[in-house]
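Student: Could you put together the complete structure from these sequences and hints?
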Amino acid sequence: MGTIALGELADVVRSKNAGPYEITFDVLFNDYRTYAHVRDHGDLTEQVMASLFRIPLGDIVYCSFFEPAQSFKLTVLRRNSGQGGVGERDTFGCQQHAPLLGLPIPALSTGPDLATGG
Amino acid sequence: MTTGVRILTPVGMLGYGYPINDFWAAVDRGVDAIVVDSGSTDPGPIMLGTGTLLVTEDSYVRDLRPLLQAAGTRGIPLVISSAGGAGTNAQVDWMVELVDRIATEEGLSLRVASVYADIDPAIVLDQLDKGRIRPNVLGDLPTHASVHDTTAIVAQMGAEPLVPLLTEDHPVDVVVAGRAYDPAPHAAFCLSRGIDPAIAWHMGKIMECGAMCAIPKSGGVVATVYRDAFELTPISAHQACTPLSVAAHTLYEKGRPDLLVGPSGVLDVRHCTYTAVDDRTVRVQNSRFEPARTATVKLEGASPVGYRSVFIGGIRDPLLIRQIEDFLDQVRVHVGVLQPDLANGEASLRFHVYGKNGTMGDWEPHGGVGHEVAILGEVTAPTQERATAVCTSARVAVLHKSYPGQKATAGNLALPLTPLDIPIGPVFEFTLYHVMDSEGLRLFSTETRKVGI
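Which chain is which? The protein sequence lines are A and B, in order. Our numbering numbers the first residue of the first sequence as 1480 and each following residue consecutively. Our numbering numbers the first residue of the second sequence as 7 and each following residue consecutively.
Keep in mind the hints are simulated off the structure, nothing from the lab. Among these hints, one or two may not hold up.
Where chain B lies over chain A, by a calculated footprint (3+ residues, C-beta under 8 Å) [stated by the list, open to error]: (1) 1492-1498; (2) 1518-1528; (3) 1531-1543; (4) 1546-1553; (5) 1561-1568; (6) 1574-1586.
Computed spacing ranges between beta-carbons, pair by pair [stated by the list, open to error]: (7) A:V1527 / B:H340: 36 to 44 Å; (8) A:L1536 / B:E296: 27 to 35 Å; (9) B:D135 / A:T1570: 31 to 39 Å.
Glycine residues also receive a C-beta, built at the ideal position from the N, C-alpha and C atoms.
Tutor: What follows is the structure, encoded as structure tokens:
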């Protein structure tokens, strides 16, 4: 089965600081079937996220899908010298999401697993 | 309450500008309160540390004038929270003076309540000693020394200090509040009208950003709040709230999407429903709220850690780009020899290499480098002069140091700016971003005065 980039499937892929010590990532889907496909067939686990962002597993605060918003949320600790401090790279935390865009997801098929979904 | 309480938020941040005709059209349709957030920690600790405003005075005047006209001529209470950016007492007083000036110019007479959020360090130290300050998400507690070093401390007020100012007997026309939990002023207005806290807090969480919850985002939004539900409609006709845009905004800038922890309890949005009422309006129901057993506030404190000087320049030479990391290591060694401050750790030097990993640093998974790179040199030292001294040595070294295979012997760095070495002032860190038990403490005082004519 081929793959498709998460950025091709999601309608919103963003990062943002959540207070000075956390950055949170939101992946949002307008279409429920696409959301369900990524949830069920994508590999959006803590292990994959830790390796994608080159961070220790223990720095992942939250990593889960959230049905009411048809979304995936990842929150990780910021371990630089503090938001807006010495060595800051992204004060608002809004440009850390790019690696998620390229994450490979098994391609959507029109098979029976999707025909009955959502 | 079949008609609902109507709250207008013209923009997510006072001073960012809003569509004026759409604002007045919303006012003409009838609203019970205008609420606007004026502060944030998004820009880091600098506003709190220096007292810098989030936008210029002119921008505040432009945004405030129609709001004050609505308050003064239509009798619509106006609430401004986290005044000025950091919401310090000084910023609250500054904004009240501005309100006074505009009211006078407009021939308005307004009763203004100031609600203050500065916190006496002695209270913080006392609570710290009693074990009533909780570790931050990194697991750290403040120390006595870090509290003493803190330039300014504020606490995010919840709804409680604001509710008595917003009751139906209309005690004041304008509230200028210091640092507040972002949803607090919206929630306070609803709580003063007897609305369920779950509805009040969920509505506040979305409304504090204005029409960030709409497509396209930006501008203003009106919430119509009932006892057990609320509805959101953007004020501009080209925008729409959709069930997904509102659900999505609920989890914006929060660490988790399902349980949102605030000063007086936890908002549980796991069972919420988001329903389209019409093409532009969404109805939200089934929010739940679990009151906290102990009242808490979040403290914010900023402390200076030195002064910064910077330089920025571009490198286009592929012979240098392919060895850029080794080259910058050599520059660091060279500057350490020239500048004892760097060698002994009094000063720090960091290079941000744009085109390689300038945005993400160690998080960058992409191993490549572009055909050109920008070097931002960042120096921090105990004084501005010493920072600039190290910065100059570093910039000169990047500009002129030789490297293996060098062919461009006239210089390594394309410098766009003069002065070449740029002093940018003090740099701060958050020494406090901690939750403190506030049970039994009266942290937020209020003063009321009449302004204008």
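Student: Are there three or more residues in the stretch 1574-1586 of chain A whose C-beta lies within less than 8 Å of some C-beta in chain B?
Tutor: holds (count 4)
Student: Quick check: the stretch 1561-1568 of chain A, covered by chain B? Criterion 3+ residues, Cβ under 8 Å.
Tutor: With 8 residues in contact (Cβ-Cβ under 8 Å with chain B), the coverage given for the stretch 1561-1568 of chain A holds.
Student: Checking C-beta pairs, does the stretch 1546-1553 of chain A have three or more residues closer than 8 Å to chain B?
Tutor: holds (count 5)
Student: A range of 36 to 44 Å was offered for this pair. Does it hold for the Cβ distance of V1527 (chain A) and H340 (chain B)?
Tutor: Holds, at about 41 Å.
Student: Taking 31 to 39 Å as the stated bounds, is the beta-carbon spacing between D135 (chain B) and T1570 (chain A) within them?
Tutor: holds, 33 Å
Student: For the stretch 1492-1498 of chain A, do three or more residues have a beta carbon lying closer than 8 Å to a beta carbon of chain B?
Tutor: holds (count 4)
Student: Cut-off 8 Å, C-beta pairs, minimum 3 residues; does the coverage of the stretch 1518-1528 of chain A by chain B stand?
Tutor: violated (count 0)
Student: Note whether the CB distance of L1536 (chain A) and E296 (chain B) lies within 27 to 35 Å or breaks it.
Tutor: holds, 30 Å
Student: For the stretch 1531-1543 of chain A, do at least 3 residues have a Cβ located nearer than 8 Å to some Cβ of chain B?
Tutor: holds (count 7)
The structure fails to meet hint 2 from the earlier list, while all remaining hints are met.
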